[in-house]
Amino acid sequence: LFTWLSAQPRTFEEIRSRFQFAERPCRIFLDTLVSLGLLTLTQEVFRNTPLAETLLVRGRPDYQGPHVRLFDHLYLACDNLKTALLENRPVSQDYSYFFESEQKEVARYSALMHESSVVPAMVLPQYWDFSDSQRVMDIGGGYGRLCLTLASQFSELNLTLFDLPEVCDKARNFLRSYPPHLTSRIDLHPGNFFQDQLPSGADTVVMMRVMHDWPHEHVKLLASKVFAMLPSGGRLLIYETFKDQGSCPGD
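The sequence shown begins at 561 in the working numbering and counts up by one.
No incorrect hints appear here.
The list that follows gives simulated cross-link-like pairs (lysine to any residue, SDA-like), each with its CA atoms no further than 20 Å apart:
no.	residue 1	residue 2
1	LYS730	ALA681
2	LYS785	LEU758
3	LYS730	THR743
4	LYS785	GLY751
These aren't lab readings, by the way, just hints derived from the structure by calculation. Values in this document were obtained by computation on a predicted structure and should not be read as measured data.
Working from the sequences, and respecting the hints, build out all of it.
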């Protein structure tokens with residue numbers, strides 16, 4: 561909707577006809593977008609606000625569409641708030657299905673994570689200097705966005721991407737469109753990080769947006785496997801959104 565309106569403001573009937581919305585919910589929907597500050601209505605014509613133009617138009621540098629789709633997937637956890645409070649465990653989803661034969665849902669979630677990984681992949685090298693590393697292994701590395709970013713910024717760095725076989729196949733297709741001087745330094749290693757042995761050779765391991773999906777016992781298992789694989793002086797980098805342990809609300 562916002563990408564379409566970016567090209568030309570439209571009337572209510574034009575919008576309803578374009579998207580085949582029923583009249584009543586369409587009117588409520590557009591009124592809500594106006595109230596949220598995402599659209600304006602002037603002389604019966606709807607236009608994007610500057611905020612919508614910046615964040616919700618496909619192709620713009622700050623386009624947030626992938627994040628909206630990702631959190632639409634994660635908001636289902638709100639149904640299980642009571643469980644989280646009583647049992648002290650993640651309820652965003654049971655990701656054990658990732659390791660079963662059904663590939664459709666794996667591909668869907670992996671695609672969401674890939675689309676929303678641009679900013680994390682760019683931010684991590686700003687906080688950690690990888691120039692002292694010889695080989696970095698990205699566990700649960702998806703389609704290879706972080707590996708590609710690190711390869712482009714550190715010319716001597718070799719990388720290993722460890723993920724499920726189905727995801728590695730997608731990563732192979734994604735990386736194929738990039739220059740060989742980058743992709744030739746990225747090795748794909750398919751496997752199940754709970755069941756399979758981690759490949760050796762890395763002195764730095766990255767786990768980006770992986771730990772939050774699992775209960776404590778799974779997190780401890782992953783951390784212990786990484787510790788056992790790393791050489792003396794090796795490093796494990798965990799990239800997650802954390803709540804500070806301060807006493808004030810909002811910390």
